[in-house]
Amino acid sequence: MPELSKKDRMKIPRQPMPEQDGVVRSGNFKEVNLGFTEELAKMEALRCLQCPKPVCIDGCPVEVKIKDFIHLVAEGDFLGAASKIKEDNMLPAVCGRVCPQEEQCEAKCVVGVKGESVAIGRLERFVADYEREHLGLKTPELKPKTGKKVAIIGSGPSGLSCAGDLIQSGHDVTVFEALHELGGVLVYGIPEFRLPKDIVKAEIDSLKSLGVDFQTNAVIGFTDTIDELMQNGYDAVFIAVGAGLPYFLNIEGENLNGVYSSNEFLTRVNLMKAYKFPEFDTPVFNVKDKTVAVFGGGNTAMDAVRTSKRLGAKNAYIIYRRSDAELPARKEEIHHAKQEGIEFLLLANPNKFIGDKDGWLTGVELIKMELGEPDASGRRKPVPIKDSNYVLNIDMAVIAIGNGSNPIIQQTTPDINFNKWGNILVDEESMATSKKGVFAGGDIVTGGATVILAMGAGRKAAKAINEYLTQN
Amino acid sequence: MYKIVNAEFLAENIKRFVIEAPKIAAKRKAGQFVIIRLNDGGERIPLTIADSETANGTITIIVQGIGKTTKELNSLNTGDFILDVVGPLGKASHIEKFGTAVSIGGGVGTAIAYPTAVALKQAGNHTISIIGGRTRELVILENELKQVCDEVYPTTDDGSYGFHGFVTQKLKQLIDNGTRIDFVLAIGPIPMMKAVAETTRPYGIKTVVSLNPVMVDGTGMCGGCRATVDNKTVFVCVDGPEFDAHLVDFATLERRNRTYKESEQEALHEHLCHFDKAFEQGLKLNN
Ligand SMILES: Cc1cc2nc3c(=O)[nH]c(=O)nc-3n(C[C@H](O)[C@H](O)[C@H](O)COP(=O)(O)OP(=O)(O)OC[C@H]3O[C@@H](n4cnc5c(N)ncnc54)[C@H](O)[C@@H]3O)c2cc1C
Ligand SMILES: Cc1cc2nc3c(=O)[nH]c(=O)nc-3n(C[C@H](O)[C@H](O)[C@H](O)COP(=O)(O)OP(=O)(O)OC[C@H]3O[C@@H](n4cnc5c(N)ncnc54)[C@H](O)[C@@H]3O)c2cc1C
Ligand code: SF4
Ligand code: SF4
Ligand code: FES
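Each protein sequence line maps, in turn, to chains A and B. Take 121 as the starting number for the first sequence in my numbering and just add one per residue. Take -14 as the starting number for the second sequence in my numbering and just add one per residue.
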């Protein structure tokens, strides 16, 4: 590593992420961020002070050895850096792209106290992409076969990372997935322009090459129940079914034609490729030159609104009941959305949807909000301003206000304990449920959270399952 | 890949497929459905499991060709494959000994009602089937139903066969003639189900319909299949597909099913342009 003083390092500005032009990209589905070049990556790595006490690590839910991997990047040992990250994070190409870094690792970075923090996520992404492009995904050593079988339900980040660890421990692993495609939210929710599907596919292919068996079209609860899996020779089960139940606003007019849940809209476009209709068979409301409103302010809402813009919407609104500061989405997504011409109607809440005589959506009645006292979440509670309602003409609406838990597992496995919101109750250390040999993790336990938390839970469970299997 | 072990037309545009799907065959109950996807790029569409044979590991579906996917499916033959078949989905029919149970099928709805009619008979009901079609050729499964039901009444709109008139008129006739009816199941086009609901409502006869909204995943994940029942929103794929006919908001269902009408016609047109002649010919040969 070149000798640079702390002061010199602090002088290097945060390196910009090369990206597709805002206007151009709002007309295509290609990835927005193009990724660092080797030069940019090394320069960014030099900004890291190699702190004796690297506090950045405290901000990462899986404690990636950030300081060490950045050191390797600065030295130009990108493959070494990739191995270093993978000691803790199975999916760096994904997390580097989608982690809310500004709330996690980068929030803690000391360089960020006075200036802009080290771009840990972008470096992580660079390193993972470099490894994939130059080496293919590396196949780790497998332990000798134990003869034990584990069933994993759901192929999202939680299920995939659990599968990766367990196959390496020598167990036979089958992943059951309800849909026809693997990857969970990574394929049906997060759009191509933010997370190219090839990256997810490469991760899944590498698990396949390690011997993980994937069974698509298997809705556990219907196709087989958990009890049946255990009777059929599975010694342990990991439930990673995500938070797949869309919440609606429960207001008048929500069943009008043209009103979607974000899950439906994004599934039609991402999974079923409706943006290529009629080459692909699944249609979606044709928003070309129309006005779209997306309700919510999280990553899902940003994904939906930016997708509608790419499908040709003339006006695309985010409608959110709090203010700019409270938008829960990643800062980068909000920034990108604004660049792409998305309009933000903040401090506004829908009262009802309005339709024409044929039942098609034509508008939404909104009421203006102001921020009052902080609520249980610590955020200031939005309260309606009396008589401030007005009608906004819209042609399509997408409700992106979060997901609850899908009830299928609960209905078909009575001896697992759930909380009143339908989340599975687990022991926090082992991820064990109330049913012997059955573990759970990811969004089904936490409620809708993040990729890295789901992945971390998968690894924690893998460790506990491995212990359980060696004891039993 | 799921192999089609037998395929034959039952009527113009209505085809029966026997498909190898051992796991689904072993588990399915009357009233449940599968979602299929024919090929890469294909749409996911729901189809009721009409029958199954555990020994052979097969399920039967009966399909009416109305749009791109169903027409493409109906061009497949014995020995062909379907890429994805997932199920059994949805809640099984609620079956009990009601007394006298009438199952009413309109068009391909007869196929959807068939498994439940069988189950109603097995539960000890006196079972009556009314099966309607526009014309004689469109009355399906009469022989199959005769083997399980106590009474079977075909009806045709044009009077070319059986009772001349709508299924609801036949139902009304039975009621007026003093037949004590304890339970009605009606499956078919939305206007038909609505008419049955209105026929039985004044008599307070428990009536169930099977709803057919547009679906995507079939697991409760997307909410696209939502319908209004008893003024509440339900997800038909997981809460149904069967609901109390007297509580269903049929107008909303009918309207929501029109969401993709224009797009679907575009897709079908595209499809016919591509596969045009060979495909149409295949249909004729099969008939
Ligand atoms: C649109 C969108 C954008 C997001 N953006 C971000 C982001 O930028 N950054 C971030 O960190 N997080 C983001 N998230 C959240 C993140 O994607 C989730 O927290 C994460 O995917 C949860 O992982 P999981 O493995 O628990 O479940 P999921 O990814 O939901 O996977 C669960 C899988 O289980 C399958 N399944 C469900 N039921 C069954 C069953 N009965 N049998 C078999 N299979 C079943 C499902 O089909 C699915 O494939 C986003 C979420 C959405 C919806
Ligand atoms: C639970 C369930 C069980 C079903 N069982 C059967 C069955 O056993 N046999 C069978 O033939 N069909 C059945 N259907 C209907 C079948 O799923 C649709 O006919 C099919 O999805 C149409 O696809 P398509 O691409 O061929 O036509 P599309 O091109 O999608 O549609 C053609 C026309 O039909 C309308 N339409 C679209 N979807 C539906 C629908 N779900 N119901 C009625 N009209 C629709 C469209 O608006 C359009 O005008 C079932 C539906 C459900 C929900
Ligand atoms: S996994 Fe996420 S939080 Fe952890 S270091 Fe990487 S980008 Fe930061
Ligand atoms: S806190 Fe920031 S500067 Fe310090 S080691 Fe971590 S990334 Fe480097
Ligand atoms: S089809 Fe998606 S929720 Fe029913």
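Take these hints with a grain of salt, some might be off.
Distance condition first, Cα-Cα at most 16 Å in a straight line; then the derived EDC-like pairs of lysine to aspartate or glutamate [claimed, not checked]:
id, chain 1, residue 1, chain 2, residue 2
1, B, 8, A, 348
2, B, 12, A, 507
3, B, 12, A, 547
4, A, 408, B, 247
For the record, the hints were derived by calculation from the structure and aren't laboratory data. All values reported here derive from a predicted model rather than from experimental measurement.
Status of each hint after checking the structure:
Taken as a hint, the residue 8 of chain B and residue 348 of chain A pair is honoured in the structure, with Cα atoms around 12 Å apart against an allowance of 16 Å. In summary, the hint linking residue 12 of chain B to residue 507 of chain A is not supported, as the alpha carbons are separated by about 56 Å, beyond the 16 Å threshold. Note on residue 12 of chain B and residue 547 of chain A: the hinted pairing is violated, with a Cα-Cα distance of about 33 Å set against a maximum of 16 Å. Taking the CA atoms of residue 408 of chain A and residue 247 of chain B, the gap is near 14 Å; set against the 16 Å cutoff, the hint holds.
In terms of the numbered hints stated before, the structure departs from hints 2, 3, listed from lowest to highest.
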